[in-house]
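Trainee: Below are the chains, spelled out letter by letter.
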Amino acid sequence: MLKTEELQINIGPQHPSTHGVFRMLVTVDGETLVDLKPVFGYLHRNHEQLGEVNTYLQNMPFTDRLDYFNSMVNNHAYARTIETLAGVEVPERAQYIRVIMDELSRILNHATAMGFMLGDMGAWQTALLWGMREREKILDMFEYVSGARMMCNYCRFGGVVRDIDDWFITELKKLMQGLPHYFDDFEGLLLNSEILLARARNIGVLPKELALAYSVTGPVLRGSGVAYDIRKAEPYAVYDRFKFKVPVGTVGDVYDRFLVRIAEMRESYKILEQALEQLPDATGGFINPKVKQQSLKAPAGEAYARVESPKGELGFYVVSDGSGSAYRYKVRAPSFINLSALADMCKGYTIADVVVILGSIDIVMGEVDR
Amino acid sequence: MTLSHLATEDVFVVERNDADFRAGQGMTKGLGIVFRKFRKALFGKPNSDRADTEGQFNVQYPEERLAMPEAYRNMPILLYDDATGHELCTSCFQCERICPPQVIHITQAKDPATGKPVPAAAKFVLEYDTCMSCGYCAEVCPFDAIKMDHDFELSTANHPELDVDYNRLLRPVSYYETIAPTMWSDVKEQAMKKLQNNIKRRPGDIGRDHGQKIKGGAPVAAAATPAAGAAPAAAAKPRGPVAAIGKNMPEDKTAKLLAIRAANAAKRGGGAADAAPVAQAAPVVEAVADAPAAVSAAPTGPVAAIGQNMSEDKRAKLEAIRAAKRAERGE
Amino acid sequence: MNPIAIGVFIVIALLTLGSGIMVVTVRNIIHSALWLIASFIGVAALYLLMEAEFLAVVQILVYAGAVSILVLFAIMLTRQVTGEGVRVVFERWWVALLIALGLFGVIVPTLWKHGATWEEAAKLAQVGPAPVEGAANSLQVATATEIGRSFMGEYLLPFEVVSVLLLMALIGAVVIAYEERTRRRRVLTLAEELALKKRGIVEPRDAEGAVMPREAEGKVILLDSEQA
Amino acid sequence: MADALTQLGFASWLSVLIASIIKVTLILVGGSVGMMFLTWYERRSISYMQDRRGPNRVGPQGLLQPISEAIKTMTKEDATPRDADKIVHFLAPVVMLGATVLSFAVIPWGRMFPVDLNAAVLFVIATGGLHSIGMMMAGWGSNNKFALLGGMRGVAQLISYEIPQVMAIIPVVLMTGSMSLQKIVEAQNDFAGLGWYVFSPVGLLGFALFFTASLAEGERTPFDIPEADSEIIAGYMTEYSGMKFAVFYLSNYMSNLAVCFITATLYLGGGNGPGVDALGGIAGGLLSLIYFLLKSFALFFVMVLIRATVPRLRVDQLMSFAWKFLLPLVLVNILSASFWVALLRWDQQWPKLTEWFGAPSTADATNWGRLAIAIVLTLLINAGAVALIMRLTNRNVQKHLYTTDEELALGLS
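Residue numbers (the working numbering), protein chains in the order written: chain A, 349 to 718; chain B, 44 to 374; chain C, 238 to 465; chain D, 57 to 469.
No wet-lab data here; the hints were simulated from the structure. In this text, all values refer to a predicted model and were calculated from it rather than measured experimentally. Hints are not guaranteed to be accurate.
Listed next, the in silico BS3-like pairs over lysine-lysine satisfying Cα-Cα at most 25 Å (straight line) [stated by the list, open to error]:
1) B:LYS237 - A:LYS522
2) B:LYS83 - A:LYS638
3) A:LYS556 - D:LYS201
4) A:LYS593 - A:LYS556
5) B:LYS368 - A:LYS640
6) B:LYS368 - A:LYS638
7) B:LYS83 - A:LYS521
8) B:LYS368 - A:LYS521
Below, a sample of chain B positions facing chain D; criterion: calculated Cβ distance under 7 Å [to be verified]:
9) ALA66
10) GLN68
11) GLY73
12) LEU74
13) VAL77
14) LYS80
15) LEU85
16) LYS88
17) GLN99
18) TYR104
19) CYS135
Glycine included, every Cβ here is placed at the ideal spot set by N, Cα and C.
Using the sequences and the accompanying hints, generate a full structural model.
Mentor: Encoded structure:
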C-alpha cells in the first residue's frame, strides 16, 4: 500500500508572509497540515520590565512600539490605565480627539491588514497598495498633530499633547470624502472575487465556543459570531455617545473575518462623522492642565484599563507602590492572545491556507513578543 | 450563544452571499475596477489631495519633498541666539532626566574664576543612534533650548559619528524659525527673556564658545580671545546636516589650517585684519546658519556646494509652502 | 545528402548513444533518469533530421515531457533517492544482453530490407511528400495526416486494443487512488472536531488516530513564551 | 534567406549555416529584448493600476531599468547550497531557458516565419512541457524543502494544464486543417483580414480556454503556485541567486511572451489586419508585425490586469479547475468545432450530402446562410456547456461550503 511521509518545514523566521520574525514549525502530510507549532520571541524587547523601570510618562513612547500600526490606540489604552490609577480627569474635548485618532487608526489598520492578507493570498499587492494610499493620508495627519507618522506618542495623562486645529478638521473632512470610494473599490475588487471566495470560505474556521475558550478578541472573535466589542460592552472615552453597530460573522472562517473588518471600517467612518459633528460642542481643553506629567505619582493600588484596539482587546495592567513608576506592568496584547488559536485553526488545512489564516488573524510581532 | 449584553439593534450580521450563483461576475467587476484605476492613473494628472482616490500619489522623493508639518520631530537640536551667539541651554538637566532611552549627556559649565556652576552647558552629547525621537526633551525644556529638527537625511557609514556633540547640535534660532514659525512665535518672547537673564549670569564667553556664528559671518570666539584659538577649528566642523559629515575632509583640513594661521595672527595682534580669511574658511559648512554668506565665501568642493544649494533650495521651498499654507488657512 | 546534415546526424547520434550509455552506468538514479531525458531528446532531434516533424514533436511531448517526468516522480516517491548503494551491473547481465541483441537482430534486418536509403529519402524530400492517395508508397514522410490515416485505417485494431489497455490502466489507477483516499488518514479541522464532539458520535482523535481525552474540550494551549 | 545567400555566391552548406545563425541570433535577441520590454511594461502598468508610477529613473520613462537590473543580477554572488546536487542545480536554469528558446523557433513575427514546421502548434506545446524537467531539476537539485515542494507543485501543474492546452488547440487545427502556424494565419485572412477565429463561437471559447491554460503553463497569477512567494518563498527558485536566477526569470518572461505570441497567432489572426494585404511587400510585412505586436502586448496587458486583480488558487483548486472545469469545456468545444467544420465544408466531408442538397458555395464566396447556422449551433452548444459546467461547479462549491456529514464520516474511519 502506498504510504505518505510527514515532512517538517520551518515557515519563518525569515519568510515573506509571517508578518515579522515569526516561525511556524509545520508538519505536513503532502500539502495537508498535521501539526503547527508557533515559535516566537525573536522580537522580544523587554517591554514590560522597561515599563517597571521608567516613569509613567517615560513609558508612553515605548507603548508606541507595541503594535506599531496603531500607536494612537496603544497610547490611549496606556493613558487610560494611568488615568484610572491616578484618578485623573480627562476633558471632553480630549476624549473626542482620542476617539477620532482611534477610529482613524482602526481604518488604517484594517486597510493594511486586509491588504497584507490578500497579499498572502497572492493578489499582487493591489489591495494592499490602495490601503497604503489611504494609510499614508491618515499618517500625514497623524504627523501633523503628533509630529510623527507611526510612533505618535500623542496621548498624555489627562488629554493629548497637542490640540487639533482647523487645518486638521478640513483635511479630515477631505479625507472622509475619499474614504467611501476606497471602501467601494476595495469591496468591488475582491469581496466577491470567485478566487477569493474559494480561498476564504470555510477556511480556518474557529467555532464560537472555541473562540471564547481561547479568549480571542477583536475581529477574530466577532467573525466567529460573538458580538463582543469593548466600545459597546464597556463604553470608554465618549463611545456611548455614538450610534454604531457591531458587525458579526456567522461561520467564523477567513471570509467572515474579512467581511467583519470591512464592515468595521464603515462603522468607524460613521463614528468619525458623528465625532466631527459633536466636537465643537465638547467642553474643556485638549488636556487637563492640572496634571503634572513628568512627576506624576499614582497612589498605591492597581488598575486595568482596556480599549478596543483594531486587533482586539488591548489592556494594560499596572500595579503602583506609590512611587513615580509602575511596580508591576503587564500588557494584554490582542495579537498574542489571538495568535494562540493559530495552531488549532490551521490543523487539517493546507500550507497555502496557513498563511491566509495567519493573515486573517492580523498579528503584529511587536505586540506579540513585546 | 452570545456572550454580549449588547442590544440586538447594535449588532448586525455581515452578508456572506453564500447562495449566489457565481459565474465569474465578481472577478470581472474587480478587473473593471483595476482597469479604471489604470486609465485614471495613466491619463489623469498626479494628485495629492486627500479627497482623491484616483491618480498617482507618488512623491518623487529627492526632487519633490512633502512639506513637513511644524510639529514634525526627528532628532533634537540645540538653539542659540543669532544676535549674540548665546546658547539657550542652561544645563538644567530636565531633558537628561526625562529622556526615555537616556541618550542625553550634559556637563554643566563652570566659571573658571570661581568654580561655581554657570547656567550654560560645557558639553552636550546626544546619541542620535539610540534616540527614539519621542520629543520629550523639547517638551520639558523650560528655556526652549532644545527643539526637534526636521532634517531626516542623517544616514552615514560612520556609526560613531552619531554621538553628536555640542558643535553639531547647535542651530541658530533663525533656522528654527524657518522650520516651525508658529511654534516658535508662541514661545519666542518668553524664551528670549529667559535667555537675557541667563546671559547676565554667564561670565566671559561661556555659553557661546561652541563655534556658533553670529550675524555678519565671523565666529564669535575667533575675534574675542586668543585663548579660544581652537574655536574656529571647531567651527569648521560641519554642523549642518550630519549627512555632510565625512564628505568634506579636504575642506575640513584647509579650514583647520586657516584657523591656525588666524590664531597665530591674532597672537601677533592683528586679529581684526585677518578675520576675513577665517570667515572664509569657517562658513564652508555653515550652510544652514547663514546661507548667503556661505555661498559667497565657499572656497570649493562640489560636495559642499551641492549641500549648500540643496539646503538653500529647501529653505526657499519650505518658506513658499509655509506661506501658501498660511494663506490657505486664511491668515 | 549535404555535409551539414551528416555532421549534425553524427553529433546527435553520438549524444543520444552517449546519454543512453550514461543511463545504465550512472549510480545516482535521478541522474540516470535525467540522462534518459537527454537520450529521448536526442531521438527527437534525429526524427526532426529525418523531417518526421510530427513524430519528433510527439516524442518530445510524450517521452521527454511526460513519461520521463512520471519516471522522475516515481523515483522521488520511493524512499532511496540518491541510490548510492545501487549496483550498476547485476549478475544476470547476460540476460539483458541477449534480449538487447535479439531486438537488434530483429530491427536492423527489417530496416535494411524495407527502409529507404539516404539517397532515396533525399530525393523524396526534394520531390515533396507523396500525394495522399498514394498510400501504398512505403517511403513517404510520416506527417500527422498519414499517421492519423494509418491509425484509423490500416492499424485500427492494434490501435483500439492499445487504447482499451490504456483505458483499463487509467481506470485501475483511479480505483486504487480512490481507495487510497478513503483509507488515508484525514486530519480533522477544529470545526470538524467540535461538530463530532457535539453530536457525541465519537471521541475526537489525535494525529495518530488515538482517542483524545475528554478534557481537551475548550483547552488552551500554552505557548512557549508564556510558560517561561 | 538561404536562397538569397546562395545567389550571392556562397556554397549551399555555408549559406544554410549563415542563414541559420542569423535567424537564431535574431530570435534570441528578439526574445530577450521582448522579455526586457515585457518586464518594464508589466511593472509600469501594474504601477498605474496601484496608483504608483513604477520604474521611471533609468533611461527615458525607466525603459533602461531591465538593463540595469540585468547588470545587477550578473554582478551578484552566485551561491550554490553546500549539499545541493551541483550539476543538476547548475543545469536546471539552462534547461528552462533552452526549452523556452526552442519554442521561439516556430513563432511567427507578424508574417515572418523563422521556421515553418508542419507540427508547429504541437511543437510549442511540447517545448513548453520541457519546462517541467527544468523545474523538477531545480526543485530536486537545490536540496531544499521549499524548492522541492515548488518543483513538485510546478510539475503537477504543468502536466495537468498541458492537456486542456493541447486540446484547446484542436478546434483551430480542425478549422484550418493544418497544424502549421503559417496556414493557420492564412486561414484567418478572410473578411479583409478580420476573419479571426476569436470571432466565431468555437474560437471564442477556445481562446478563453487556451489563454487560461496558458496562464497556468506560464505560471502567471492566479496559477503562480509553483513560485507562490507567500507560501513557499520562491518555490523551485528559492536557492537560486545571481545569474542563475536571472536565467529563470528570463525564461519565465520569454515563455509568457511566447504564450502571448501563440495566442495572438492562433486566435487573433497573427499579423492579419485591415490593410496588410492592400499594402503588401515590405510595408505590409511591417504593418503585420505592428498588428501582431499590438495584439500580443494587449494580451499581455490582460495577464497583468489579472495579476493585479485576483489572488492565487490553492493547489487542489488548481487541479480541480483543470480537470473538472477546463477539460469538459475543451471537449465540448472540440465537438462544436467538428460541427462547425462539417457545416461549412460538408462538400469535402460528406459527398452524399452534396448530392442531396447541392454543392455549397465556391471557395471565394461565403455562404452566409450556412455560416449563420453554424454560428447559432456552435453558440448554443458552447453556451449550454458553459452554463451547465458552471451550474455544476456552483452546486459542488455550495455543497462543500461547510463541513458536511460525509466529510465528518471520512474523518471517523
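Trainee: Next, verify each hint and record whether it holds.
Mentor: Hint check results:
1. B:LYS237 - A:LYS522: violated, 42 Å
2. B:LYS83 - A:LYS638: Violated - the C-alpha atoms of A:LYS638 and B:LYS83 are around 53 Å apart, more than 25 Å.
3. A:LYS556 - D:LYS201: Violated - the C-alpha atoms of D:LYS201 and A:LYS556 are around 36 Å apart, more than 25 Å.
4. A:LYS593 - A:LYS556: Holds: A:LYS593 and A:LYS556 sit about 20 Å apart, inside 25 Å.
5. B:LYS368 - A:LYS640: violated, 34 Å
6. B:LYS368 - A:LYS638: violated, 33 Å
7. B:LYS83 - A:LYS521: The hint holds at about 23 Å.
8. B:LYS368 - A:LYS521: Measuring from Cα to Cα gives roughly 17 Å; hence the hint holds.
9. ALA66: Given a least distance of 5 Å, the restraint on B:ALA66 holds.
10. GLN68: It is violated, given that the least Cβ distance between B:GLN68 and chain D is near 11 Å, above 7 Å.
11. GLY73: With Cβ-Cβ at 5 Å, under 7 Å, it holds.
12. LEU74: Where the cut-off is 7 Å and the nearest Cβ of chain D is about 5 Å from B:LEU74, the hint holds.
13. VAL77: holds, 5 Å
14. LYS80: holds, 5 Å
15. LEU85: OK, holds: B:LEU85 within 7 Å of chain D, min 5 Å.
16. LYS88: Status violated, d = 13 Å.
17. GLN99: Where the cut-off is 7 Å and the nearest Cβ of chain D is about 6 Å from B:GLN99, the hint holds.
18. TYR104: violated, 11 Å
19. CYS135: Since chain D brings no Cβ nearer than about 48 Å to B:CYS135, farther than 7 Å, the hint is violated.
Consistency with the previously given hints fails for numbers 1, 2, 3, 5, 6, 10, 16, 18 and 19, ordered from lowest to highest.
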